[in-house]
Each structure stands twice: as C-alpha cells, then as structure tokens.
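In order, the protein sequences belong to chains A and B.
Take the first sequence: its position 43, counting from 1, is numbered 43 in full-length UniProt numbering, and each next residue is one higher.
Take the second sequence: its position 189, counting from 1, is numbered 189 in full-length UniProt numbering, and each next residue is one higher.
Keep in mind the hints are simulated off the structure, nothing from the lab.
A hint or two may mislead.
Derived lysine to aspartate or glutamate pairs resembling DMTMM-like cross-links, with alpha carbons at most 20 Å apart [claimed, not checked]:
#, chain 1, residue 1, chain 2, residue 2
1, B, Lys40, A, Glu72
2, B, Lys148, A, Glu51
3, B, Lys90, B, Asp79
4, B, Lys148, A, Glu68
5, B, Lys90, B, Glu54
6, A, Lys42, A, Asp19
7, B, Lys51, A, Glu72
8, B, Lys51, B, Glu188
9, B, Lys40, A, Glu34
10, B, Lys158, A, Glu72
11, A, Lys47, A, Glu68
12, A, Lys42, A, Asp23
13, B, Lys90, B, Glu42
14, A, Lys42, A, Glu68
15, B, Lys51, B, Asp79
16, A, Lys47, A, Asp19
17, B, Lys22, A, Glu51
18, B, Lys51, A, Glu68
19, B, Lys22, A, Asp19
20, A, Lys47, A, Asp23
21, B, Lys22, A, Glu18
22, A, Lys27, A, Glu51
23, A, Lys47, A, Asp65
Listed below are the residues making up each chain.
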Amino acid sequence: MSSRRSRSMQSGSSRITEDQITDLVSKLQRLIPEFRNRRSDKVSASKVLQETCNYIRSLQREVGDLSERLSELLGSLETDSDQASIIRSLLM
Amino acid sequence: MDSNNFFHDLHADTSLESSRKKRRKIEAESHSSETEIKWKSESAQRIYAVKLVEALQRTSSQNAPPAPSEAAGGRVVRDVADRVLAMAAKGRTRWSRAILASRLRLTMLRRHRKVKKASGSASRPRKPLPTAAEDRKNRLPAVGNRVKILSRLVPGCKGIPVTNLLEEAGDYIAALQMQVRAMTALTEIISVSQGDRLGSSSSSQA
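Looking at chain B on its own, in the form it has when it is part of the complex (with noise of 0.2 Å):
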C-alpha cells in the first residue's frame, strides 16, 4: 500500500509525507527501544573506549612534536570523545550526523570559505511552522521556550518538529551517559595502572 502511494502521489505532498511519517514512526517505534539497548550495553561501552584510545592515540602521534598545551589537550581529547561517539551511532540519528559534519565543514570552510557560505544558505530548508498539537502545548510560554532550549543543546536539531527534537533528545542523552560511563573507566584504568608504574619503579616508598 505506502509503495502504490509512492508512485502515484508523487506531487501530493501530503499523501507522500504521510506514507513517509507512518513509515518512519514504525520504525520509530521498534528503533528507539533497540537504540537504548545499544547504548546500555557493556559491550558497546568497551567498544567506545578502545576506539576513543585508538583514536587518541593517533592524534597524539599528529600531533607528537608541536605537543598540543595543557589547555587545548582538554578540547582536543573531547573533539575526539564526542566524533567517535558519533560514529557509533552510525548515522541513524540528526545529533551524530551534525557532529560528523561540524567537523567536516570546519575543513571546508577553512579551504572553500565563500563558496561554502552561498551554497549552505541555498540547500537549507525552510523551518516548519508549529502543528495544531504542538502549538495547544506550546501556548504555555514555558514549554515552548524549553523546546528551544533543548533545541540548542542537541546538535543539529534547530528548527525540526518537537517529536524529532525529543527522539533525538532521548538517544543523545543515553548516548551521552555511556560516554562518561566510558571515559570514567578509561579513566580509572590508566590511573591506576599508571600508580601501579610509578609504584613500582621507586623503590620502597610506602
């Protein structure tokens, strides 16, 4: 049936659109459950952790002889943390896709800075207005003001539906919470195995 629609409303906007939200609430609906299971999982937190040292320490070997200062090494540990979280949600949601690409167009505009200004302005889309039901809850100023807010602090979620803005919000939050899970661990781990070096190699000093 949403095929038949496909091919035969194919300039009915609203029948396509709503083919197409059906489809992707049905798969809403199975992913969301599934996505926090993947980030609860102590396998996919080991995972994160041996690629977020792989990846650190290939930009310590970069970086080796210009040795980035105590205050910058801070940034770039969490410019790494938060791409190879990204990339662990293998693109299946808005905040992972919008790190990756923050990245990749702070190198385009380093290289193309003009160009990459006009063609950014024309291919965004317009903002969807607010629907019936979110404008009846958003009359509260305070919600409306809060959905903003949430808007900024997830990445790449201006201006797109609320019910997007909070799927985004629910994985970004469990993805968010695996990360320090991770990093506490990582590091607790070299901590103590680094204690353990300095213990050993002095003498007797406890």
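One chain only, chain A, in its complex shape (with noise of 0.2 Å):
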C-alpha cells in the first residue's frame, strides 16, 4: 500500500492521498465519544470534523473550569505545605 503512495505522490502535485485523508478522519472519529459506537462509512468527513471543534472547544472549557476550580481551593492551601506533601503522596 505504501508503495502505491508513494509512486503516485512522485508525479505532480497530490502528494497527499484520499486514504490518507480518510484514514486520519476515521483515526479522529475513533477518539470523539459521540462517534464511537458507530461505524465510519456511516459518517461523512464534515460531520467529524465539526463534532471535533466542539469537541476540542468542550474539552478546552472543562480545563478552564477545572483551573478556576483548582485556584480556589490551591488558594487555601498555600498556608499549609503538610497538606501539599500528602497530596503528592496520594497521587503516588
């Protein structure tokens, strides 16, 4: 299969194929839980391109919201460095 690429990619300008395309787009379905369970021919390459950007946007807010979260309860904890090493041990 490789060597099929790579001697179409010699001439002109397609270096890039539609399997490879495809085959990063089913490697992106594959990682959104909305599409996990069904099968990739079933969805178009529009499709999972937008449920990633929500996705992505979604994951990106739930950090900031977990940040803020973080700050105010890291902000009483500065005072106390005891309660920090028995953080880090149970993280161990």
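Build the complex: two chains, separate frames, hints provided.
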C-alpha cells in the first residue's frame, strides 16, 4: 500500500492521497465519544470535523473550569505545606 | 535508499521531500498508536498530576506577597496546566511546541518588541496551497470551513497540510482528555483532604 502511495506521490502535486485523509478522519472519529459506536462509513468527514471542533472546545472549556476550581482550592492550600506533601503522596 | 536520495538529490526538491514525507509517514504510523497509549496510561496521568502540583507550588511561592486575585488565579493555573501538558509531549507535536513557544515569545516581546516582529515575519514559511486530493474533499465548502476552524483550535496549526492537522488534532484531543482526567482527580483529592482537615479541626459538627 505504501508503494502505491509513493508512486502516486512522485507525479505532480498530489502528495497526499484521499486514503490518508480518510484514514486520519476515521482515527479522529474513534477519539470522539459521540462517534465511537458508529461505523466509519456512516459518518461524513464534514461531520467528524465539526464534532472534533466541538469536542476540542468543550475539553478546553472543561480545563478552564477545572483551573478555576483548582485555583480556589489551592488558595487555601498555600499556607499549609504539610497538606501539599500529603497530596503528593496521595497522587503517587 | 533513502540516504542515496538525500545526498544525490539535494537540489531536487520533490524527491527529497517525498523521501522525507515517506520517512515521516512511517514514523507517524508507528507513532500515532503509541502516542494514543501514552496519553491514555494511568502512569502518565499520575506523573502529569504530580508535575502539575509541583509547578503550581513553585508559582504560588513566586507570587506569594502579591497574591494573584481570585479572577486571575484560574488563568494562572490554566497556563501552568497547559505548559506542563505541553512538556509531557516531549516536543514531538506541533501543538505542544507552539504552547511552549508562545510563552517564550511573550517574554521576548516584552523585552525586544520591534526586533522580534521583524525576524518573525521573515522566518515564517510560506503557506502551502491545498493539494489535488485535499482540493477534491475541500470543494464542499463545509469541509474547507471546518478544516480552517479546526486549525485555529489546535495551537500552532494554522496553514499546515490537512493530514498533519488531523494528526495533531488527534494527539491534542488525547492529551486534553488526560489533562481533564488528571485535573479532575486532583481537584477531588484536594477538596476531600481539605474537607477532612476542616472536619477534624472542628470538634463535633457532623
């Protein structure tokens, strides 16, 4: 399969084949929770891309909310260094 | 065979680039499966959480006298969390390098504003035009639009070829998922331990 790709890549401008793009799109699909159960041929590339964007945005938003929450919690933590070592040992 | 191409065709861009792309593709294929595992593993999550706590402690000890206000505190935590996440990628992905570079760029800008701007525009590579295969798919305005939006969401991925963008997006999503898991667990641990502390310090309030 890679030899076919390389031969088509040598000619002209199409270095990237549709197969590669479809491949990566289906890989993205597997990461997104909404699509994990559906088969790849039923979902269009456009839909996958749209859901990817939405998912990234929601993940970033979640990280922002968690950061806010953590900064509140850590504000009260600063004064107690014993707490911090306890947390570290809990994480290990 | 690849090394022959490399030395004999130094001036023939197409063969050098195609051998480079071939090498990158082979690396990427074995790479992407292991990078997904890398972000999914529990040990990676634990290591991230520990490094995050250490970095946060360092930051709070630096800012101790003028403590950051409640509103800015979240942003500080966010910046630290993103930086630690980017470092966990070990420079293998564009998005992680962009996160670390943008921080550096901000500190540089503050010192050498004009010099930085001049050199920045000269060194930026030309934006590649869409290939024929991309063009066929992108002809649907929906896809082209979504690709553009996606490129703006993933750090450092404006104007790179679609295949690279999709690879970066996949890795970025896996990393973000780990970041959320780690920070959620951390939040739980801290709030639970604080609850214990408060509970034990007050005599009988249950």
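Consistency of the hints with the structure:
1. Pair hint Lys40/B plus Glu72/A does not hold up; C-alpha atoms about 28 Å apart against a cutoff of 20 Å.
2. The hinted pair formed by Lys148/B and Glu51/A meets the criterion: a straight-line CA distance of about 14 Å does not exceed 20 Å.
3. Restraint check for Lys90/B and Asp79/B: satisfied, since their Cα atoms lie roughly 17 Å apart, inside the 20 Å limit.
4. Between Lys148/B and Glu68/A the alpha-carbon distance is near 29 Å, which puts this suggested pair outside the 20 Å criterion.
5. Between Lys90/B and Glu54/B, the direct Cα distance comes to roughly 18 Å. Compliance with the 20 Å bound is thereby established for this hinted pair.
6. With a CA separation close to 16 Å, the supplied pair Lys42/A and Asp19/A stays within the 20 Å bound.
7. Of the supplied pair hints, the one linking Lys51/B and Glu72/A holds, its CA atoms being roughly 19 Å apart against a limit of 20 Å.
8. For the proposed pair Lys51/B and Glu188/B, the alpha carbon gap of about 17 Å is at most 20 Å, so the pair holds.
9. For the hint linking Lys40/B to Glu34/A, the alpha-carbon distance of about 18 Å falls within 20 Å, and the restraint holds.
10. For the given pair, Lys158/B sits about 34 Å from Glu72/A by alpha-carbon distance, which is inconsistent with the 20 Å threshold.
11. Taking the CA atoms of Lys47/A and Glu68/A, the gap is near 32 Å; set against the 20 Å cutoff, the hint is violated.
12. Taking the CA atoms of Lys42/A and Asp23/A, the gap is near 14 Å; set against the 20 Å cutoff, the hint holds.
13. Restraint check for Lys90/B and Glu42/B: satisfied, since their Cα atoms lie roughly 18 Å apart, inside the 20 Å limit.
14. At most 20 Å may separate the alpha-carbon atoms for a hinted pair to count; Lys42/A and Glu68/A exceed this at roughly 39 Å.
15. Simply put, Lys51/B and Asp79/B have alpha-carbon atoms about 14 Å apart, close enough for the 20 Å limit, and the pair holds.
16. With a CA separation close to 18 Å, the supplied pair Lys47/A and Asp19/A stays within the 20 Å bound.
17. For the hint linking Lys22/B to Glu51/A, the alpha-carbon distance of about 30 Å lies beyond 20 Å, and the restraint is violated.
18. For the suggested pair Lys51/B and Glu68/A, the alpha carbons sit about 18 Å apart, so the restraint of at most 20 Å is met.
19. Distance restraint check for Lys22/B and Asp19/A: the Cα-Cα separation of roughly 15 Å lies within the 20 Å cut-off, and the hinted pair is therefore satisfied.
20. With a CA separation close to 15 Å, the supplied pair Lys47/A and Asp23/A stays within the 20 Å bound.
21. For the suggested pair Lys22/B and Glu18/A, the alpha carbons sit about 16 Å apart, so the restraint of at most 20 Å is met.
22. Between Lys27/A and Glu51/A the alpha-carbon distance is near 13 Å, which keeps this suggested pair within the 20 Å criterion.
23. Of the supplied pair hints, the one linking Lys47/A and Asp65/A is violated, its CA atoms being roughly 27 Å apart against a limit of 20 Å.
Hint compliance for this structure: hints 1, 4, 10, 11, 14, 17, 23 are broken, all remaining hints hold.
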